[in-house]
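Trainee: Below, each chain spelled out in residue letters.
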Amino acid sequence: GEDVEQSLFLSVREGDSSVINCTYTDSSSTYLYWYKQEPGAGLQLLTYIFSNMDMKQDQRLTVLLNKKDKHLSLRIADTQTGDSAIYFCAESITPSKAAGNKLTFGGGTRVLVKP
Amino acid sequence: NAGVTQTPKFRVLKTGQSMTLLCAQDMNHEYMYWYRQDPGMGLRLIHYSVGEGTTAKGEVPDGYNVSRLKKQNFLLGLESAAPSQTSVYFCASSKGEEYEQYFGPGTRLTVT
Numbered sequence: 001g002e003d004v005e006q007s008l009f010l011s012v013r014e015g016d017s018s019v020i021n022c023t024y025t026d027s028s029s030t031y032l033y034w035y036k037q038e039p040g041a042g043l044q045l046l047t048y049i050f051s052n053m054d055m056k057q058d059q060r061l062t063v064l065l066n067k068k069d070k071h072l073s074l075r076i077a078d079t080q081t082g083d084s085a086i087y088f089c090a091e092s093i094t095p096s097k098a099a100g101n102k103l104t105f106g107g108g109t110r111v112l113v114k115p
Numbered sequence: 001n002a003g004v005t006q007t008p009k010f011r012v013l014k015t016g017q018s019m020t021l022l023c024a025q026d027m028n029h030e031y032m033y034w035y036r037q038d039p040g041m042g043l044r045l046i047h048y049s050v051g052e053g054t055t056a057k058g059e060v061p062d063g064y065n066v067s068r069l070k071k072q073n074f075l076l077g078l079e080s081a082a083p084s085q086t087s088v089y090f091c092a093s094s095k096g097e098e099y100e101q102y103f104g105p106g107t108r109l110t111v112t
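So the protein lines, in turn, are chains A and B.
Heads up: the first sequence begins at 1 in the numbering used here, then just goes up one per residue.
Heads up: the second sequence begins at 1 in the numbering used here, then just goes up one per residue.
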């Protein structure tokens, strides 16, 4: 079955790099996502990676995927106070027209950025 | 362009009462989803729709019903609310099955 796990909490100083980790169990994942949730708001897609990629960089964000270990990480460079939020990783197996794109989410990592 | 909106934002129900949550999107998206979020857990899919007039069950559909009579609206119904349905409910929509899901701001529901 599908299971996605994340650590609960991360504290980081402003200007440092943050690394948020995620493990998943389903080896047939097609896409892996990182979402950000700010207090009282819905989820916002930050970035995603195809399962046939090892790394993806998007400005301050770097996603690393280790398929052998089923491990996904999100690195945020030069972390700012505005990066304080809950970060969710999610996987999807095979999106299809008939079944849409069913996402399985981890429990979320609360990131606190200290000045 | 409001994106995805949800009504109401907050609601308190007594056990056994019924209610309908409304999700509306103005992006002409085909796909719509209902999730619930419980403390310490990720979002779990309740029901979804791949187009107007269609609905399908997700991971945790029991106790909920949905309808998608109009493309822009996706309704989530609770016929007889239970305390276990206390949660934050999120709606999402996407243009296609491989496109980004856009989330609404959520509805916080408490069942006493």
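Since the hints were derived computationally from the structure, they do not count as laboratory data.
Source: prediction; values computed, not measured.
Positions of the beta carbon are idealized from the N, C-alpha and C atoms, including for glycine.
A hint or two may mislead.
Unchecked claim - These stretches of chain A come out as covered by chain B in the derived footprint (C-beta under 8 Å, 3 or more residues):
hint: 1; stretch: 72-81
hint: 2; stretch: 87-99
hint: 3; stretch: 102-113
As the list claims (entries may be wrong) - Quick list of in silico lysine-lysine cross-link-like pairs, DSSO-like style, CA-CA up to 30 Å:
hint: 4; chain 1: B; residue 1: Lys95; chain 2: B; residue 2: Lys14
hint: 5; chain 1: A; residue 1: Lys36; chain 2: B; residue 2: Lys71
hint: 6; chain 1: B; residue 1: Lys95; chain 2: A; residue 2: Lys67
hint: 7; chain 1: A; residue 1: Lys56; chain 2: B; residue 2: Lys71
hint: 8; chain 1: A; residue 1: Lys68; chain 2: A; residue 2: Lys114
hint: 9; chain 1: B; residue 1: Lys57; chain 2: B; residue 2: Lys71
hint: 10; chain 1: B; residue 1: Lys95; chain 2: A; residue 2: Lys102
hint: 11; chain 1: A; residue 1: Lys67; chain 2: A; residue 2: Lys56
Trainee: Evaluate each hint against the coordinates.
Mentor: Taking the hints in turn, this is what the structure says about them:
For the stretch 72-81 of chain A, the stated coverage by chain B is violated: 0 residues have a C-beta nearer than 8 Å to a C-beta of that chain, whereas at least 3 were required. For the stretch 87-99 of chain A, the stated coverage by chain B holds: 7 residues have a C-beta nearer than 8 Å to a C-beta of that chain, and at least 3 were required. Residue count for the stretch 102-113 of chain A with a Cβ under 8 Å from a Cβ of chain B: 7. That meets the three needed, and the coverage hint holds. Annotation: proposed proximity of B/Lys95 to B/Lys14 is violated, straight-line Cα distance about 36 Å (limit 30 Å).
In summary, the hint linking A/Lys36 to B/Lys71 is supported, as the alpha carbons are separated by about 27 Å, within the 30 Å threshold. Taking the CA atoms of B/Lys95 and A/Lys67, the gap is near 28 Å; set against the 30 Å cutoff, the hint holds. Between A/Lys56 and B/Lys71, the direct Cα distance comes to roughly 34 Å. Violation of the 30 Å bound is thereby established for this hinted pair. Proximity of A/Lys68 to A/Lys114 is assessed by CA-CA distance (about 34 Å); at most 30 Å being required, the pair is judged violated.
The suggested pairing of B/Lys57 with B/Lys71 holds, with an alpha-carbon distance near 18 Å, which does not exceed 30 Å. Of the supplied pair hints, the one linking B/Lys95 and A/Lys102 holds, its CA atoms being roughly 14 Å apart against a limit of 30 Å. The suggested pairing of A/Lys67 with A/Lys56 holds, with an alpha-carbon distance near 14 Å, which does not exceed 30 Å.
When each numbered hint is compared with the structure, violations occur for hints 1, 4, 7, 8.
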